[in-house]
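J.: Read top to bottom, the protein sequences are chains C and Y. Under the numbering used here, the first residue of the first sequence carries the number 7, and numbering increases by one thereafter. Under the numbering used here, the first residue of the second sequence carries the number 7, and numbering increases by one thereafter.
Watch out, some of these pointers could steer you wrong.
Covered by chain Y, according to a simulated footprint, are these stretches of chain C (three or more residues, beta-carbon under 8 Å) [what the hints assert, rightly or not]:
| id | stretch |
| --- | --- |
| 1 | 13 to 21 |
| 2 | 47 to 61 |
| 3 | 98 to 106 |
| 4 | 116 to 127 |
| 5 | 134 to 144 |
| 6 | 150 to 161 |
Calculated directly from the structure, the hints in this document are not laboratory data. Glycine included, every Cβ here is placed at the ideal spot set by N, Cα and C.
There are 2 protein chains.
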Amino acid sequence: MRLSQLFTKTSKTIPADETSKNAKLLIQAGFVHKEMAGVYAYLPLGLKVVENIKQIIREEMNSLGSQEIIMTSLQRKDLWEKTGRWEDASVDVWFKSKLKNGTEVGFGWSHEEQITEMMKDYISSYRDLPISVYQFQTKLRNEVRAKSGVMRGREFVMKDLYGYSRDAKELQEFYDSVSDAYLKIFDKIGIGESTYLTFASGGAFTQFSHEFQTVTDAGEDTIYIDSDKRIAVNQEVLSDEVLKQLGLERHKLKEVKAAEVGNIFNFGSAKAEQLGAYFTDEDGNDKPLFLSSYGIGVTRLIGVVVELFSDERGLVWPKSIAPAQVIIDRVGESSETIKAADLLYSKLLDQGIEVLYDDRDVRPGQKFADADLMGIPLRIVVSDKTISAGQFEVKKRTSTDVTMQSLDDILKDLAVKE
Amino acid sequence: MRLSQLFTKTSKTIPADETSKNAKLLIQAGFVHKEMAGVYAYLPLGLKVVENIKQIIREEMNSLGSQEIIMTSLQRKDLWEKTGRWEDASVDVWFKSKLKNGTEVGFGWSHEEQITEMMKDYISSYRDLPISVYQFQTKLRNEVRAKSGVMRGREFVMKDLYGYSRDAKELQEFYDSVSDAYLKIFDKIGIGESTYLTFASGGAFTQFSHEFQTVTDAGEDTIYIDSDKRIAVNQEVLSDEVLKQLGLERHKLKEVKAAEVGNIFNFGSAKAEQLGAYFTDEDGNDKPLFLSSYGIGVTRLIGVVVELFSDERGLVWPKSIAPAQVIIDRVGESSETIKAADLLYSKLLDQGIEVLYDDRDVRPGQKFADADLMGIPLRIVVSDKTISAGQFEVKKRTSTDVTMQSLDDILKDLAVKE
Chain C
7 MRLSQLFTKT SKTIPADETS KNAKLLIQAG FVHKEMAGVY AYLPLGLKVV ENIKQIIREE
67 MNSLGSQEII MTSLQRKDLW EKTGRWEDAS VDVWFKSKLK NGTEVGFGWS HEEQITEMMK
127 DYISSYRDLP ISVYQFQTKL RNEVRAKSGV MRGREFVMKD LYGYSRDAKE LQEFYDSVSD
187 AYLKIFDKIG IGESTYLTFA SGGAFTQFSH EFQTVTDAGE DTIYIDSDKR IAVNQEVLSD
247 EVLKQLGLER HKLKEVKAAE VGNIFNFGSA KAEQLGAYFT DEDGNDKPLF LSSYGIGVTR
307 LIGVVVELFS DERGLVWPKS IAPAQVIIDR VGESSETIKA ADLLYSKLLD QGIEVLYDDR
367 DVRPGQKFAD ADLMGIPLRI VVSDKTISAG QFEVKKRTST DVTMQSLDDI LKDLAVKE
Chain Y
7 MRLSQLFTKT SKTIPADETS KNAKLLIQAG FVHKEMAGVY AYLPLGLKVV ENIKQIIREE
67 MNSLGSQEII MTSLQRKDLW EKTGRWEDAS VDVWFKSKLK NGTEVGFGWS HEEQITEMMK
127 DYISSYRDLP ISVYQFQTKL RNEVRAKSGV MRGREFVMKD LYGYSRDAKE LQEFYDSVSD
187 AYLKIFDKIG IGESTYLTFA SGGAFTQFSH EFQTVTDAGE DTIYIDSDKR IAVNQEVLSD
247 EVLKQLGLER HKLKEVKAAE VGNIFNFGSA KAEQLGAYFT DEDGNDKPLF LSSYGIGVTR
307 LIGVVVELFS DERGLVWPKS IAPAQVIIDR VGESSETIKA ADLLYSKLLD QGIEVLYDDR
367 DVRPGQKFAD ADLMGIPLRI VVSDKTISAG QFEVKKRTST DVTMQSLDDI LKDLAVKE
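Please construct the entire structure, taking both the sequences and the accompanying hints into account.
T.: The structure is reproduced here in structure tokens:
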């Protein structure tokens, strides 16, 4: 895309009420627009990052054999009453409203109840199991505080997956395979090294639930990491007994702040029993379904990536989720320079590479600053100087080294995944 | 996808409260699940149709130079108060709720106000114009009645596009180009012949607004079509004066029921003035932006297509939006048949063709009935008989003719767009 045509602009001003680093940078770079606290619209570059993350997650979920659907925001009160999760006393993040006939409705902050009720129509026999479905859903949560930018939204995109199994053993096998898939996803997004499988408090059926926590000072959780074993314990369950059970030693743990980017819940058969979701087993007996649910905060991940990688010059996107792989900074307005930059732009597009082309009539300094602020992995300068050298001036966002490279070399570098 | 793995099933039962033909068929074929009146979840096959339609629209919007974004459902009361569209007396489809601190919020039934407020941050000069943005947004509308299945939802997906122009002339040029793009979209989706550009009541600035109405008895509007001139007049503006103005003759018009699949509004400068959205013109003067907005009901289109094309055997999808191009019905369980069907499945997938593969252990009659109910454009039967003939038994969904064809011939036919 040509920056002269992109309607967003980089900016030096940010909303006075914005305190989080991730939202400040995303707003300044023109990736998001703040509607109210915890509520952000995604502009063209921000939407690209969202879609790139979704695609990485989608591929892994499909590899698990999970099937994509999309449920609704509007929720029926009666379903959530059955599981005791309608009243504000038990769930304090509901947005609620009323139909014209007075019927109360809620807006989906989670979807276990709704999906399980639906699956009753499609699961009748053990032959239908195991099965899982997932969606990318806009969740609405009436958070009291929303001061962490896109890391804690009142409206945000989540991938949630729901697995139905015939018993605890089958559930555990699926649980482990999703857990592996999650680690792959965080690796691909570039935060694998900072992300820990974390033991947190469980529910009625399991001693622990599992979280995926990414170490960042912007996180709201405190966890204790064992860097060697690559696991962590959430503060809420830290005790000598738990450490012994997990084979961890207190003196090897490090206390850090972290943000929960994924979580896994094992509901056992409890929710199915509440909702009347049964199947017929091999012997003709009715058994309750075993439910597990698996979340990844898609838009939260964007905030975490910004917090982790950005620097004093702005955003820094990992290649895998960057809104573009390359930004071409055209320096100079001679017809030769314009011709050379246009040609490079079309050649890169022909190779299927996502490119931003700064063809604006602004000072080189502003172009360089904007390229850094937007965090595009590779900057290529086209100027009289580079034309006479027969090469391009190339700089990685994560480096200050400028090198001269031929187009062939640039294409080779771009083909390498990092 | 193998039907043995698809979690949805075709069904003969439908919700007792469902009266619309489109929702009945979509539910029976396993494309949607009804949550409450006017609120439907989209299952794997239904979601594919949604995404196919979105992609057709997206390509045309991008060709216009429009830029995709995604706004939020949560809406600020103060914005809509400025334009007099917050109170239920003026807009009766709001869902509203409250933040924890008591602040009232609404859920987006439309987005003109929010987008225009945002664009104030990005448009300052005539050099920024014209510009347009679009989104695929889940709209929430508190409809009193929702009896038309997916054609009138309380929750539905809409593509809405917002154009900002410097004056009435520039607006009109854009208006005409979007209008052309809309006709292309309806052609591609297969409803072009049944869809009419329709003159309807205008607003403060224009005598008429324009609707795109598709002729179907399931529609809620009454329009008068001139089949030769390919235009129509909505009942609400039908008068001798209007007919004269449009060069139409009453005796050539035919009264029909129709469903509005798209619409165009010209707000002139009124909304920008209410919201304080100005730009600086060539002479340094502040001028209000001219706003036009353009909607297409994505999920409504699905309902319209079902109403138009389905028959007594079930759904009938145009190739361009079908959830799969081909369904393979494997008849017989001999190892040769399984091998031949598996091979055909993988060969078609290798060609990038979307395929459903009915590998279930059910009677042939049920497979044929399900293939028809799901509306897949091409059915290919693999059986002992076809193997011995060295060809496949092929039937189009829209025909009862069965022909024997080689794989090469099948691939040639599939490459032709209809």
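J.: If a hint holds in the structure, say so; if it does not, say that too.
T.: Each hint tested on the structure:
Coverage of a stretch by a chain is defined here by at least three residues with a beta carbon nearer than 8 Å to that chain's beta carbons; for the stretch 13 to 21 of chain C and chain Y the count is 4, and the condition holds. Residues of the stretch 47 to 61 of chain C with a Cβ under 8 Å from some Cβ of chain Y number 6, which satisfies the need for three, so the listed coverage holds. Counting residues of the stretch 98 to 106 of chain C whose beta carbon lies closer than 8 Å to any beta carbon of chain Y gives 5, which reaches the threshold of three, so the coverage claim holds. For a cut-off of 8 Å, the count of residues in the stretch 116 to 127 of chain C with a CB near a CB of chain Y stands at 4, and the three-residue condition holds.
With a cut-off of 8 Å between beta carbons, the stretch 134 to 144 of chain C has 4 residues touching chain Y; three or more are needed, and the interface restraint holds. With 3 residues having a beta carbon nearer than 8 Å to a beta carbon of chain Y, the stretch 150 to 161 of chain C meets the requirement of three or more and the stated coverage holds.
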